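> Listed below are the residues making up each chain.
There are 2 protein chains.
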Amino acid sequence: MAIRVGIIGYGNLAKGVESEIRKNPDMELKGIFTRRDPSSVTIKTEGVPVYSSNDIPNMKDDFDVMIICGGSATDLPTQTKEYAKYFNVIDSFDTHAKIPEHFAAVDESAKGAGKIAVISVGWDPGMFSLTRLYANCILPEGNDYTFWGKGVSQGHSDAIRRIKGVKNAKQYTIPVESALEAVRSGSNPELTTRQKHTRECFVVAEEGADKALIEKTIKEMPNYFADYDTTVHFISEEEFERDHSRINHGGFVFRSGVTGFENENKHVIEYSLKLDSNPEFTASVLLAYARAAYRLQQKGESGCRTVFDIAPALLSPLSGDEIRAHLL
Amino acid sequence: MAIRVGIIGYGNLAKGVESEIRKNPDMELKGIFTRRDPSSVTIKTEGVPVYSSNDIPNMKDDFDVMIICGGSATDLPTQTKEYAKYFNVIDSFDTHAKIPEHFAAVDESAKGAGKIAVISVGWDPGMFSLTRLYANCILPEGNDYTFWGKGVSQGHSDAIRRIKGVKNAKQYTIPVESALEAVRSGSNPELTTRQKHTRECFVVAEEGADKALIEKTIKEMPNYFADYDTTVHFISEEEFERDHSRINHGGFVFRSGVTGFENENKHVIEYSLKLDSNPEFTASVLLAYARAAYRLQQKGESGCRTVFDIAPALLSPLSGDEIRAHLL
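Respectively, the protein sequence lines represent chains A and B. When you line the first sequence up against this note's numbering, it's residues 1 to 328, in that order. When you line the second sequence up against this note's numbering, it's residues 1 to 328, in that order.
I should point out that these hints are in silico values taken from the structure, not numbers from a laboratory.
Where chains are identical, the list cannot tell them apart; a pair therefore holds if satisfied intra-copy or between any two copies.
Below are the SDA-like pairs computed for lysine to any residue, each with C-alpha atoms no more than 25 angstroms apart in a straight line: (1) K196 <-> R184; (2) K150 <-> E264; (3) K111 <-> A325; (4) K299 <-> E108.
Remember, predicted model here, so these are calculated numbers, not experimental data.
Using the sequences provided together with the hints, build the complete structure.
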């Protein structure tokens with residue numbers, strides 16, 4: 001019998017789960033929950049019901065895993081611990097500094113209910129974290145480097161849109177090629193914030209807006225832009241729609257370390273992602289961990305987990321014999 | 001108390017374990033076992049005894065984990081299943097076709113003894129296998145690509161040395177840059193053996209040897225060279241010693257896949273290694289899995305495992321709280 005999966009929320013990430021579950025024949029999408037009026041929400045999958053999120057607690061026997069697609073700022077801190085009382089749950093909580101607190105709250109709730117919750121799943125946190133952990137265990141003496149991009153930063157785009165006179169904006173984070181090369185060479189460079197990434201902004205200004213002032217406001221914005229070399233392009237609405245509607249992203253994780261009695265041998269581990277669709281890729285990772293969560297709970301385990309706690313084989317629809325024969 | 005580690009064998013890989021265990025403060029090297037006369041073997045670590053491999057069965061209470069550093073062709077198929085009767089063991093068995101058989105034999109032996117055995121640990125099989133598994137679970141629709149090099153192939157170097165008139169030889173496997181670029185672009189190319197790698201050979205010929213015949217013999221050697229574009233350089237013994245004594249290696253694993261309702265979005269996952277010392281890096285991986293094997297057995301588990309079966313957190317000397325705070 002297929003694993004019965006539900007989706008909470010219906011934004012970009014949820015739509016990614018909806019499309020990617022079709023590539024996992026051992027799973028079945030059984031329902032989508034929304035805070036809006038369900039009759040106002042049209043989804044792309046025929047025959048799958050849309051429910052009100054008020055009904056979630058009443059449906060605890062109808063789903064094996066819930067994929068919670070809310071935002072990290074306000075949704076997930078309350079949703080994950082609440083829904084772990086009824087279901088195995090997966091989230092993509094990415095506020096790094098608050099992970100310990102979130103973990104503790106979700107762990108208590110999931111243990112109480114005999115469910116498995118996997119938090120902070122995706123690519124960073126997620127696949128990038130796994131790369132860092134494996135690489136740190138293998139090369140205890142070394143340095144970690146993480147670069148993001150080229151890709152769209154939602155937070156930075158939002159920050160620009162809040163400036164007076166800005167109609168629309170998109171910000172791309174771009175790793176500096178010479179910094180990547182320096183890390184790749186094994187030279188273990190010390191890199192400042194400015195040396196690692198540049199920021200490129202495409203802005204649609206309102207008619208009559210003071211473009212020079214907008215550009216200055218962006219470039220001097222503390223935390224978001226002041227520490228970076230930032231380029232601002234003003235473009236038309238048409239150009240914006242045509243060239244900047246994708247949600248691509250990606251990045252690089254490096255560990256550069258040494259071995260040998262005299263630390264005479266250098267090693268560089270590099271992991272990189274080039275993603276046309278950030279939400280669809282993230283959704284794909286969530287689905288693999290949904291399978292693992294279900295299996296762990298079937299084995300009688302409960303509580304909160306992260307990608308660090310889950311044996312890789314649990315993610316695969318294939319048997320142990322098959323993965324040893326074909327992927328080892 | 002530190003994890004008490006033993007090494008079986010004293011070749012390049014074992015010497016790597018000897019140097020890298022120093023970077024793992026929670027482990028202690030308690031002894032090295034050799035088939036030679038122990039008094040003839042001088043190791044680099046003061047105060048660590050060298051024992052005869054005949055004594056292994058008598059010392060089952062003195063070691064928590066044995067790292068078996070024999071070769072895959074003849075040593076490991078007998079050693080790992082034998083020593084799993086006495087210790088938790090780790091090996092780097094890399095004969096892909098025989099992994100299922102090796103797994104079954106070692107599993108039976110380790111289960112009988114209540115020990116944990118982890119087989120096929122290293123980078124391929126090992127870290128490359130993990131990358132393939134994770135990437136296949138995330139992108140079910142896609143293609144895998146593995147490239148090796150630039151690096152020394154021991155098997156190919158040995159094959160050249162067996163040719164009449166060859167005094168010494170080293171063979172480098174080199175991935176073809178244009179093939180890497182094609183895969184990296186997400187174009188999912190179909191690549192022949194010849195299109196993926198070239199082979200470069202540095203040969204010291206015996207005096208008066210027929211160099212033209214040696215070159216022809218290399219280039220036409222079935223399985224090893226006939227399917228590749230191969231370059232042969234004849235060099236002096238001095239040049240060989242000076243420029244070709246390192247054991248560097250590396251490689252690339254890619255998964256190139258699609259997401260979206262219409263498979264309209266492309267994604268490329270890339271993992272690469274650049275290693276100055278193949279044996280020291282492999283040894284570093286073995287040590288991380290030695291820690292995991294010990295912990296699993298302490299938890300009451302037994303039997304054979306591969307890298308697929310082991311939760312990443314078990315590899316780290318840090319606590320769950322620490323890795324969540326610093327690496328997630």
